[in-house]
Amino acid sequence: MNCQQIAELLPDYLQGTLAREQSTQIEQHAEHCASCAQDIVMWKKLEVLTDEQPSSDSRARFEAMMHAYSSPATTETKLESAPAPATVKPSWNFLEWLRSPLGAVAWSAALVIFGVVLGTRVGNHTTTDRSDEIASMHAEVASMRQLVALSMLQQTSASERLQGVSWSNREDHLDTQVQSALLHTLRYDGSVDVRLAALDALSRHAGQPQIRKGVVDALQEQQSPLVQVALIDQLTEWRDPDATQRLRQFEQTPNLNPAVKQRAEWAIAKLQETTQ
Amino acid sequence: MNSVPDEDVMLQVRNGEVQMLGVLFDRYQAPLFNFYSKMTKDRTVSEDLVQEVFLRILRYRQTFRPGTQFRTWMYQIARNTRLDQVRKVRPETPFVAEPIAPISLSDSAQRQQESMLLQHALMQLPEDKREILVLSRFQELKYEDIARLLGCEVGAVKVRVHRALQQLREIYLGLESAGRSQDPRRSPGDSVPPSRRVQ
Chain A
0 MNCQQIAELL PDYLQGTLAR EQSTQIEQHA EHCASCAQDI VMWKKLEVLT DEQPSSDSRA
60 RFEAMMHAYS SPATTETKLE SAPAPATVKP SWNFLEWLRS PLGAVAWSAA LVIFGVVLGT
120 RVGNHTTTDR SDEIASMHAE VASMRQLVAL SMLQQTSASE RLQGVSWSNR EDHLDTQVQS
180 ALLHTLRYDG SVDVRLAALD ALSRHAGQPQ IRKGVVDALQ EQQSPLVQVA LIDQLTEWRD
240 PDATQRLRQF EQTPNLNPAV KQRAEWAIAK LQETTQ
Chain B
0 MNSVPDEDVM LQVRNGEVQM LGVLFDRYQA PLFNFYSKMT KDRTVSEDLV QEVFLRILRY
60 RQTFRPGTQF RTWMYQIARN TRLDQVRKVR PETPFVAEPI APISLSDSAQ RQQESMLLQH
120 ALMQLPEDKR EILVLSRFQE LKYEDIARLL GCEVGAVKVR VHRALQQLRE IYLGLESAGR
180 SQDPRRSPGD SVPPSRRVQ
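Those sequence lines, one after another, are chains A and B.
Be aware that the first sequence starts at 0, since it is given in numbering that gives the first Met the number 0, and climbs by one per residue.
Be aware that the second sequence starts at 0, since it is given in numbering that gives the first Met the number 0, and climbs by one per residue.
Looking at chain B on its own, in the form it has when it is part of the complex (with noise of 0.2 Å):
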């Protein structure tokens, strides 16, 4: 069943076989619940939208069309799904830094102080500029797809990725410069270049 391409799958559950929709599922509801955990940092949100995103897609799933590749609607789905939650949620709420996410006990404590300062950072860049770091980092996203996701140039889209880390590096290291004149003890972060490519 894994080897069957998605868009197959969809074209499936277009045709009728609602219940292949369960393969999408398995798939992807763990990449979109991270996409809308690093989005909102709120667990119980970022599950209703997946659940909310599955449920457009059967409510939609005559507007697939062969030849479009799934995850890129699939995105557009989700992005539409987030965009009226945050209408409907609030005119504009700030962003209030709360539980963060589980921490598993074999983390180091520099890694965790570095991923809540990453967190932090995270939620204070701009919403687009968030979403746009967040698709080309963590979704597995190719900059061709985001551009197509967001109907613009595969050139803008790397400008725009670009910008959004330079601004989240500033942001980052603000936090980070006033983390540690709280806290003298704390080792300065990670300032030297890889000596590898990355990824």
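Looking at chain A on its own, in the form it has when it is part of the complex (with noise of 0.2 Å):
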């Protein structure tokens, strides 16, 4: 064979697809062919241009996409997916009026004198004073960002009910009408994302006993198999003394999604294994 018939078969020789005879030619031809050989050498060679792995970070920012995107106000997935189930949505005019663009300039501004205001007097105070005050600032700070919370959990957009979740894990502390807030978007939120972000949020606050029974009380409302499947494994690592009698229950519901239901007979099986 010459180097042009060669040329025909050689792309197919480099990807491993030519027959065994055909293969047997072109290695013949390469032998005696340094332009030839020298093309298979070429492309044997790139193997050392080996994989890189992406940044851990990667997934991360997929999920943060999948969130924006799942935000009901910005796609065509209520069109397709089922109805969400209603929402309640409490009237607190004052955070409606928080949230409108007089509401905004007025709290920013508040939010500068506040400042101002404070940092003359901390600087004009003594040690004792100073501690006194940065303590009440915290306090301070610690409430807005309740409110914030609180407020953007009310948002149409499930984007920024995320970040009002995002908002109440800055506290360690929740208060009790933040606390009722997020157990409710874990139990009425349309977008599932929301949902299980809530009950991640939740989930630090394991010591506080209506958070725990609240977490319980959700699994039986919980349409969306991924959640329930979350709430399984949330009750499975608290060791809830109420999760087996409630997880029994559970597995009960008609047309329960067999994944659902193998997950919760897990769940049983290792309660009972450590109660043992």
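Hints should not be assumed to be uniformly reliable.
[What the hints assert, rightly or not] No farther apart than 20 Å at their CA atoms in a straight line, the calculated lysine to any residue pairs in the SDA-like style are these:
no., chain 1, residue 1, chain 2, residue 2
1, B, K128, B, Q166
2, A, K43, B, S107
3, A, K212, A, D232
4, A, K44, B, S114
5, B, K87, B, P125
6, A, K44, B, M115
7, A, K43, B, Q166
8, A, K44, B, S107
9, A, K43, B, K141
10, A, K43, A, A33
11, B, K40, A, D50
12, A, K43, A, L8
13, B, K141, B, A29
14, A, K43, A, T16
15, A, K43, B, L124
16, B, K128, B, I76
17, B, K40, A, E46
18, A, K43, A, C32
19, B, K128, A, D11
20, B, K128, B, V158
21, A, K43, B, R168
22, B, K141, B, P30
23, A, K43, B, I76
24, B, K40, A, S57
25, A, K44, B, R168
26, A, K43, B, Q118
27, B, K40, A, P53
28, B, K87, B, I76
Hints were generated in silico from the structure; no laboratory data involved.
Treat the numbers as computed from the prediction; the structure is a model and nothing was measured.
Mind assembling these two chains? They're in different frames, but the hints should get you there.
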């Protein structure tokens, strides 16, 4: 074979899809044709360019993108997915007002004044006064965060509600209003992602019995298998004394997703294992 | 979950189970990342492009038709994403040799050298040639897939792959001899034909 005939077969040879007989012909040709041999060598040499791994936060970015995308305000998913359970929207007029443009301006102005006053006062006081001031400032900021969290949990856009959940995570202690708002979100929010995020936020406060109770109660009403599984896992992790009984009840739910049922059985077994 | 064909997963995504896109992300983020990093030599840009591809898949999921191969469809989107990025970023930015992919300690010095030379040579290839070479050599795409992707005949793909390889070889040998004249201790590159079939 001459170089031209070889050239026609070479690409298939390189990808390894050529029949053995033709491959042998190419190899024989390459033994006395430097040009064709070099093509083959070049192709083979490329193997030193090994694969690299994308960085570890790549998956997290993807998740965030998915969260943002499942926001009902930005997608057409509403048309496709089953209608979301209706959310009960309490009418907090003060919060409504805070969200309006005028409210936002007033709030910013108040914050600036607060900052300036605080700054001058802290600057003028003695050390003990200062630590008091700082403590009270912390308290102010904490309550403000809770307010922001509460306000954002009421938004129509799922991504803003998600942000609301993450605001609630900034505090070590949840006040009761935020607690109940998060529990409400866990039960009734239209977006699976927001419900999952709420569960995640609540999971940090396992010490509080009313939160554990709220999470146990949420199980019965969940429709999404994803959230159901997350709830089951959470209960298993907490080793809640009520959990076994509630899981048994839950397992009897008609038309339960088989994977969820399996998970519930696993959880019951696991819980019994630890109590024995 | 791994056994479910890409196409079935994508159809689920199309039909509203958007969270299933995570399965495809796990399968293809690394190949796509490597496609882009070989095309751009820039990790950050490559990661951004991968995210953009999946966003587009989500956004245009309704255009995925049953009977289409997912991989080809995905690479189509990946190419377009890259083209848009190229248009956005530069009229014509020359390639600047910069920190090259992290090289693991176990690599021999020779391999490192080779890898660097090859990356430089690859970056000096015209964009379309680099692309066809990366697709056929690293992305495990058959010539038939590439033909579908580029909208041309399989024969034409093979010819273009061969030409790209030849041009790469010329650039590489040029770089290598330039390097050798600077550093006489360097051992000559492997120029013996392989005794066995490649791959």
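> Hint by hint, which ones does this structure get wrong, listed from lowest number up?
Replying inline: Result: hint 23 breaks, nothing else.
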